[in-house]
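One-letter residues, chain by chain:
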Amino acid sequence: MGPLIPHGFINPDLNLFFAFIIGLGFGYVLEQAGFSSSRKLAGVFYGYDFVVLRVFFTAAITAATGLLLLSYLGWLDYSILYINPTFLWSAIVGGVIMGFGFIMGGFCPGTSLVGAVIGKIDAMFFVIGMFIGIFIFGQFYESFESIYLGYGLGPIFVYESLGIDRDLFVLILVLVALTAFYITQRIEDKVNDTPINVRESRPSYAIPASLIILAAVLLLVLPSSPRNSWDETDAETILSEMAARKHYTSPDEVAFSIMQGKDYPALLVDVRAPEDFKYFTLPGAINIPLNQILNRRWESTLLNPEYKVALFSYSDTHAEEAWLLTRRAGYKDIKVLEGGLNNFLHTVFLRDIEPERKRPDCIEMHTARFQKEAKEYFKMGKAIKKVEKAPTPVIKIVEIEKPVSGGC
Amino acid sequence: MNNSQTQLLNIGAFLFVGLAVLFMLVQYLIGPDYKMNNAGMLDEAVNHNRWVMPVDIKNMAESSRLQDYLLVDLRETVDYNHGSLPGAINIPFDELLEKKSLKHFKTKKPLLLFSEKESRASVAGLLLSGKGINNVFVMANDYNYVKENVLENYKPSSAYINSEKAEYDYSRFFKAAPQQAVQPAALKPKIIKTEVISVGGGC
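Respectively, the protein sequence lines represent chains F and Y.
In terms of the working numbering, the first sequence has 347 at position 347, counting the first letter as 1, and numbering is strictly consecutive.
In terms of the working numbering, the second sequence has 161 at position 161, counting the first letter as 1, and numbering is strictly consecutive.
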């Protein structure tokens, strides 16, 4: 479901299904608003019917406040929303073409489909014309390309161009929209000579108007992001887990997982800077620098239940900082390599592996034997071979196709 | 549109906004008590200069500016009793967030945390920042290192040492076939699937 509901509650494979549902809803609303009638659509130019303006402005302000409220609540990730990039030339040319089409046919692309579906013959012809246009554009794309991609401004925002605060802009947009609704209603009445009794029996829109103003003001007053979120772990739990040293994994364990990758799969995450990672790292480790540890890109890698995740840096400092941040964000079962790389190297290569006591018990003997093995293993450079078999993070590339038709 | 429909829509709108506000309140209340969000803590960990290096400790100890800080010893009380920095108070790591400990931090002095391990002092500092305590500084290296190599017998070579430094020449140990391990190309993420989302524009 694209950006909606983080933490993977909704399977991405359901995307198309939700797109279908939303599409149905969109078509239904267009139909209900009367947009299958070209008279209604043309009314905005003659001044007898402004329902087009009202519907689209309502949609804009509802969507704007809704998006911001949901992203504030943490149910929607605003940062991964796809913003249609602006290409100035194609916007101008496309706008002119669409304007002509609108005047001639009385529909815009979306509403023509709605009209065609409910059986309007002119709308069907409009749709056929649209497809011919799409076909021509597709065939001659290369000659159009310089215009199509000309003057690309990237994804731009109105509030950034105006240089004002995002939430303030939403409030202004809401106020402007509501004023426009009131004024256009007056113009309509004047053009149509609506009798007084009809005017007075009209329902009052004071309640929805005040509610949306309230929502916009709420967004303006609230801080840009909440100080806490319901799915985070509280500081006391983190502290007690750290004090109990539950989050450590020993160098022996990590050495074992490198040697026996199949039986004991582990993902080693190097949180040092990329330069250090390039210079040296443990076999099979991946690099997630500390400043990117909370990046959503790595979420599925760090939360994969198929392997254990162990963070490390030169010592534990940065690894434990990374652990603290991920733990607060609600990640579980991530470990920190105790003592980091320095301790790993010391343990595996340099320590004296003879048992301390003269007559060791069974466990101590096994441990010593394993440690000897590990030492040989890493000294012989066998560890290096593991690189190819090491768990690699799997990234699903999601490409977003450029939309073919612009707005209506 | 007749009046009963309008009323229904009004009730719906009320319910929607009311529920949104209610959810906000509930989420705020059941969420853990932090004064700084997680991104703020990450920023604090990465970008803010909260480390006090050995050379700073040395200079401050000489000009007795160390007393401008509230020195917090996060080690166990036993270790603290064996000796600590002059003027330091003892708050064991696991009691860091208890009420009686937090009372100590309500001071205008900046805090300077140290422990038997650099990482403990660091995470304690982050937790305190998350709880809304400003001006938290962390001493680089552990207490024993600072005591031996900075305060008692200052070595200029240790001026900018902290725990996050390589202690060994790592390439020496992995001589056998170091290049593959170093090459990040072998570790590039595997791409399994290309998904195309098409975005329909406008209406």
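Just so you know, these hints were derived from the structure itself, not from any lab.
Think of the CB as a built atom: it goes at the ideal place given N, C-alpha and C, for glycine as much as any other residue.
Treat the hints with caution; some may be incorrect.
Simulated restraints, written as ranges between beta carbons of each label pair [to be verified]:
no. : chain 1 : residue 1 : chain 2 : residue 2 : range
1   : Y       : Phe-14    : F       : Ser-250   : 34 to 42 Å
2   : Y       : Ser-101   : F       : Leu-73    : 31 to 39 Å
3   : Y       : Glu-76    : F       : Leu-73    : 41 to 49 Å
4   : Y       : Glu-76    : F       : Ser-250   : 50 to 58 Å
5   : F       : Gln-185   : Y       : Asn-49    : 54 to 62 Å
Going through the hints against the structure:
| no. | hint | verdict |
| --- | --- | --- |
| 1 | Y/Phe-14 x F/Ser-250: 34 to 42 Å | 58 Å, violated |
| 2 | Y/Ser-101 x F/Leu-73: 31 to 39 Å | 33 Å, holds |
| 3 | Y/Glu-76 x F/Leu-73: 41 to 49 Å | 42 Å, holds |
| 4 | Y/Glu-76 x F/Ser-250: 50 to 58 Å | 22 Å, violated |
| 5 | F/Gln-185 x Y/Asn-49: 54 to 62 Å | 59 Å, holds |
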